[in-house]
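Asks: The whole structure should be built from the sequences, with the hints applied where relevant.
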Amino acid sequence: MVSRLLRSTVWLSLFLTVSSHAAPVKIGLIHPTTGRYQHMGFDMAQGAILAVEEINRDGGILGQPIELLTANTASHPEQGQQAVRSLIQQGATFTMGAAASDVAIAAGKTAAKQDRLFFAALSYANETTGVDGHRHIFRETTNSWMTAKALSFYLGQKLKDQRIFYVTADYSWGRSLESSIRKFTDTKDTQTHRSVLTSYPRPRHSELQSALQQAAASDADILMLSLLGGDMVSALQLAHNMGLKDKMEIVVPNLTQSMANDAGPSIMEGIVGTVPWYWQVPYQFGHPRGQAFVEAYLTRFDEYPDSPAASAYSILYQIREAAERAGSFNTDAMIQALEGHHYMLLKDPQHWRQFDHQNVQSTYVVRAKARDEVMRSERRGDLLDILLTLPGNMGARSYEEWSEARSLAGKTASLEH
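Per the working numbering: the sequence shown = residues 106 to 522.
Derived by calculation from the structure, the hints in this document are not laboratory data. Keep in mind the model is a prediction, meaning the values are calculated, not measured. Backbone N, C-alpha and C fix where the C-beta goes; we use that ideal spot for every residue, glycine too. Warning: the hint list may mix true and false statements.
Stated by the list, open to error - Calculated lysine to aspartate or glutamate pairs in the EDC-like style (CA-CA distance at most 16 Å, straight line):
#1 K350 with E374
#2 K352 with D326
#3 K218 with E521
As the list claims (entries may be wrong) - Restraint ranges, calculated between C-beta atoms of paired labels, are given here:
#4 D291 with S433: 43 to 51 Å
#5 G261 with E505: 22 to 30 Å
#6 R268 with E429: 32 to 40 Å
#7 S371 with S191: 36 to 44 Å
#8 Y388 with G515: 42 to 50 Å
#9 S433 with E483: 43 to 51 Å
Replies: Have a look at this one:
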């Protein structure tokens, strides 16, 4: 994995030095290149690089090539804000990225102060396009509400007379995810369905171990691990060593291929989660454009694309198409071109909802394949079985639900500047 990260860094450095005779449009990507979420950050960067290369070969955006600027967030909100300010000072017309919801929310507010758009590529907290939403932020990926609804459809009758134990990262994403899952699985009783919060970022090993020991002693039937990145991998390794998979079903609400790869197929086998996209989706459901993306990514990076890569790739194509519809890079014109826009790219239909700038799309419930299946697959890269697809219009919260949440937070029922 280290060699892969070094390779990505070299590619990105080489890419940034490419010059063009035409004045470029600069797009800033903020992503973690250090810390527990760095693998998701590098996936984002690779997806962005591929999109930029393709778009530039096709004439750029409005005749201008894209120049990709990048900055490390280390998954810290303050560093994310500084990164956005720096990229805008360097001339970025648009900003995108994140990997942690606190970073996305902070970055979006910073971009708005300078009348720039921010596109969240990996930010699952409801707040991103909910109580903290505004006109200058668009979220490409799914949110906790959609994740929780998809999981509730899968768990269904399993939850009858069963208990869930929650281990949750103590920041906006983790808290909103636990709250949403409790709502849709009818597990709001915190005495019956207990929880432990873990520090964010970088919970100590002893803290994760203590949380899992409490889960083991709880007689719960389902362990809900609302963690991401390296934190999730550490928790899964601990759970495996403690024999928790033999005692309870383990659910990872927001799963990525990088987490599954890092944990390993023996540890992952049978674990359930959700993804907004998986590289088998275009093949299983017949989406040629998504298949072309997978093949191009394989050729470029010699590995299958993960969902953060797909998100970053999609954002850049959506920026190009919106600018072409708007005829300019003007922020207000871009917002108008994006709001309510329906499209298909890497999966089934998606659209940018007008009232909250949430990208409405399908959520997939998946289960990690048996180790033997993974080891037999090409590049040992087919990690997940798709169990269920929840269409976006069934998963996304309604305007009434959205406006009620904003009202409780003292916000208006429309996006503010």
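Asks: Looking only at beta-carbon atoms, does the pair R268, E429 fall within the given range of 32 to 40 Å?
Replies: For R268 and E429 the Cβ distance comes to about 52 Å; the hint is violated.
Asks: Take a look at whether the Cβ-Cβ distance between G261 and E505 falls inside 22 to 30 Å.
Replies: Distance hint for G261, E505 holds at roughly 25 Å.
Asks: When you check the alpha-carbon spacing of K352 and D326, does it fall within 16 Å?
Replies: Cα-Cα ~7 Å, so holds.
Asks: CB of S433 to CB of E483, is that within 43 to 51 Å?
Replies: holds (44 Å)
Asks: Given a hint of 42 to 50 Å, does the C-beta separation of Y388 and G515 actually sit inside it?
Replies: holds (46 Å)
Asks: Given a hint of 36 to 44 Å, does the C-beta separation of S371 and S191 actually sit inside it?
Replies: holds (42 Å)
Asks: With the threshold set at 16 Å, check whether the alpha-carbon distance from K350 to E374 stays at or below it.
Replies: holds (10 Å)
Asks: Sort out whether E521 lies within 16 Å of K218, counting only the CA atoms.
Replies: This hinted pair holds, its Cα atoms lying about 12 Å apart.
Asks: Using the Cβ atoms, figure out if D291 sits within 43 to 51 Å of S433.
Replies: holds (49 Å)
Against the hints set out earlier in the document, a violation occurs for number 6 only.
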